[in-house]
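A.B. asks: Here's the letter readout for the chains.
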Amino acid sequence: MTKFLSGLAKGMATTARTMTTHAHTQQYPHVKPELPSRSRGVIALLEENCTSCMLCARECPDWCIYIDSHKETTPPATEGGRARQHNVLDRFAIDFSLCMYCGICIEVCPFDALFWSPEFEYSTTDIRDLLQEKDTLGQWMPTVPPPEPLVPELPETELQQLVVEVEPEDDPAAGRTTERGTGEVPPPGAGEQP
Amino acid sequence: MAGDIVEIVLRAVCVLAAFLVLPLLVGQTEHKVMAHMQGRLGPMEAGGFHGWAQLVADGIKFTQKEDIVPLAADKRVFRIAPALGIVSYLFALAVIPLGPHTVGADVPGSLVWVLAVGGIGTVGTLMAGWGSGNKYSLLGGLRTAAQLVSYELPLILACASFAIAAGSLSLVGIAHAWTPWWLLWQLPGAIVFLVAATAELQRPPFDMPVADSELVMGPYTEYTGLRFALFLLAEYAGIVVMSLLLGVLYLGGWTGPFDHQIGWLWTLLKGAIFAVLIIWIRVAWPRLREDQLQRVAWLGLVPLALLQLAITAIGVVVTSR
Numbered sequence: 001m002t003k004f005l006s007g008l009a010k011g012m013a014t015t016a017r018t019m020t021t022h023a024h025t026q027q028y029p030h031v032k033p034e035l036p037s038r039s040r041g042v043i044a045l046l047e048e049n050c051t052s053c054m055l056c057a058r059e060c061p062d063w064c065i066y067i068d069s070h071k072e073t074t075p076p077a078t079e080g081g082r083a084r085q086h087n088v089l090d091r092f093a094i095d096f097s098l099c100m101y102c103g104i105c106i107e108v109c110p111f112d113a114l115f116w117s118p119e120f121e122y123s124t125t126d127i128r129d130l131l132q133e134k135d136t137l138g139q140w141m142p143t144v145p146p147p148e149p150l151v152p153e154l155p156e157t158e159l160q161q162l163v164v165e166v167e168p169e170d171d172p173a174a175g176r177t178t179e180r181g182t183g184e185v186p187p188p189g190a191g192e193q194p
Numbered sequence: 001m002a003g004d005i006v007e008i009v010l011r012a013v014c015v016l017a018a019f020l021v022l023p024l025l026v027g028q029t030e031h032k033v034m035a036h037m038q039g040r041l042g043p044m045e046a047g048g049f050h051g052w053a054q055l056v057a058d059g060i061k062f063t064q065k066e067d068i069v070p071l072a073a074d075k076r077v078f079r080i081a082p083a084l085g086i087v088s089y090l091f092a093l094a095v096i097p098l099g100p101h102t103v104g105a106d107v108p109g110s111l112v113w114v115l116a117v118g119g120i121g122t123v124g125t126l127m128a129g130w131g132s133g134n135k136y137s138l139l140g141g142l143r144t145a146a147q148l149v150s151y152e153l154p155l156i157l158a159c160a161s162f163a164i165a166a167g168s169l170s171l172v173g174i175a176h177a178w179t180p181w182w183l184l185w186q187l188p189g190a191i192v193f194l195v196a197a198t199a200e201l202q203r204p205p206f207d208m209p210v211a212d213s214e215l216v217m218g219p220y221t222e223y224t225g226l227r228f229a230l231f232l233l234a235e236y237a238g239i240v241v242m243s244l245l246l247g248v249l250y251l252g253g254w255t256g257p258f259d260h261q262i263g264w265l266w267t268l269l270k271g272a273i274f275a276v277l278i279i280w281i282r283v284a285w286p287r288l289r290e291d292q293l294q295r296v297a298w299l300g301l302v303p304l305a306l307l308q309l310a311i312t313a314i315g316v317v318v319t320s321r
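Going down the list, the sequences are from chains A and B.
Each residue of the first sequence is one higher than the one before, starting from 1 at the first, in UniProt numbering.
Each residue of the second sequence is one higher than the one before, starting from 1 at the first, in UniProt numbering.
Any given hint might turn out to be false.
Here are the in silico distance ranges between beta carbons for each label pair [said to hold, decoys possible]:
#1 B:T63 - A:H30: 27 to 37 Å
#2 B:K135 - A:E148: 55 to 65 Å
#3 A:R128 - B:D291: 31 to 41 Å
#4 A:P33 - B:P257: 45 to 55 Å
#5 A:F120 - B:G225: 50 to 60 Å
Counterexamples of contact, computed for chain A against chain B with all Cβ distances above 10 Å [what the hints assert, rightly or not]:
#6 A16
#7 S52
#8 E59
#9 S69
#10 F96
#11 C102
#12 C109
#13 F111
#14 E133
If you're looking for bench data, these hints aren't it; they were derived computationally from the structure.
Just so you know, even glycine gets a beta-carbon here, dropped at the ideal spot from N, CA and C.
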């Protein structure tokens with residue numbers, strides 16, 4: 001009986017305490033959320049870096065990237081030189097109604113043309129409008145945050161300690177070359193010779 | 001004669017206005033209090049300032065909904081049921097005094113009247129449950145009947161204790177006879193009244209008849225639109241009636257500093273305390289099982305109410321000498 005009554009009292013006390021503490025609700029449309037810089041909101045395109053290599057389109061698991069390009073020939077810069085060919089990007093589109101935000105396209109891009117942006121307010125009233133062309137993808141580039149520092153939020157003193165710890169490693173590295181005996185580095189490709 | 005009729009109409013209009021406004025206030029309080037007790041904010045958009053117009057918006061929404069009567073329902077009974085549910089609390093509110101003269105209708109036996117018309121609501125719920133032609137509704141309706149019969153007894157015994165202590169069956173008379181000594185003397189009766197009133201209103205933790213995880217919405221399962229809204233309004237009007245009643249019976253109604261000027265405010269304030277308490281209980285405690293619910297009524301509240309009656313009788317005999 002006392003356990004029953006104390007349980008009832010505890011319930012009342014807990015609810016009263018919760019009522020007097022501040023609710024953590026963020027009122028989203030009025031207050032924008034503070035998203036971490038690595039949030040996967042949308043994929044942005046830096047068009048200048050794209051070489052139309054198609055790696056992203058091939059690796060995309062659900063084939064939601066469309067790339068059209070054509071080849072152009074640049075005349076030789078100096079007389080007697082050779083004309084060079086390069087790809088020109090005509091169309092780059094990501095269909096966000098298919099995209100599953102795996103980020104593989106960003107991982108595989110060898111030229112850093114694709115980036116994660118925390119931007120997420122691009123819903124549409126029609127699913128077909130989710131096919132975003134390269135101009136829209138490019139407009140999201142300014143929302144891409146700079147990369148986070150490798151050692152985040154460490155006070156300066158600790159950073160200095162880290163530097164001190166790293167410095168003595170130079171000497172053992174020098175010793176290692178002597179251990180190898182000769183100190184001579186074989187020329188590259190020397191081992192392949194028969 | 002004409003003046004009498006004008007006065008009657010005016011009083012009726014005032015009671016109706018209170019009947020439409022006070023439940024909305026209680027409902028909004030419940031929205032906000034419950035939300036903050038659960039670490040939320042509750043309605044924030046409707047009307048601009050902290051969602052003050054949420055229940056008005058809800059009402060507009062309810063009027064727009066289709067009024068559906070099930071094919072298998074007993075149609076006339078089904079349609080009348082919400083009106084019966086709501087009219088009982090309207091009748092009860094008419095005799096509850098806010099001040100010695102601020103009362104819809106000052107009748108000599110107003111306590112008996114309140115308890116009598118309170119039973120009409122039970123019939124309404126039972127009609128809703130049985131008339132819907134739905135097994136969940138029927139089960140809910142029968143649970144309602146069983147629950148209200150069980151809790152009517154301790155409620156009436158608690159009220160009898162207040163009446164004996166005051167020597168009057170009139171709510172105005174009881175409030176006049178109130179002394180601070182009642183806070184201790186009538187405490188068990190007040191607890192019995194509060195618990196039994198919460199059960200009469202079928203509010204959590206006594207919401208077995210509408211237990212949503214078992215019976216969908218109990219007797220109200222088949223109701224839509226305005227008729228459903230009427231049942232909701234009846235629930236909140238019930239909180240208003242029961243809270244004001246307890247405020248008048250146990251806390252002396254308008255008694256307080258400056259009660260000649262702001263007596264009605266004291267009554268409303270005392271009623272608000274109990275309304276918030278009823279809301280608080282809902283948030284804090286889990287629902288009782290059907291057998292536990294009956295056990296609380298017959299093994300807990302009825303003996304306690306009888307004990308209170310004995311204490312009251314002894315007190316009256318001792319002090320009257």
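A.B. asks: Give a verdict on every hint.
C.D. replies: Hint check results:
no. : hint                        : verdict
1   : B:T63 - A:H30: 27 to 37 Å   : holds, 29 Å
2   : B:K135 - A:E148: 55 to 65 Å : holds, 60 Å
3   : A:R128 - B:D291: 31 to 41 Å : violated, 58 Å
4   : A:P33 - B:P257: 45 to 55 Å  : holds, 49 Å
5   : A:F120 - B:G225: 50 to 60 Å : violated, 37 Å
6   : A16                         : violated, 7 Å
7   : S52                         : holds, 48 Å
8   : E59                         : holds, 43 Å
9   : S69                         : holds, 48 Å
10  : F96                         : holds, 28 Å
11  : C102                        : holds, 34 Å
12  : C109                        : holds, 42 Å
13  : F111                        : holds, 46 Å
14  : E133                        : holds, 35 Å
Checked against the numbered hints above, the structure violates hints 3, 5, 6; every other hint is satisfied.
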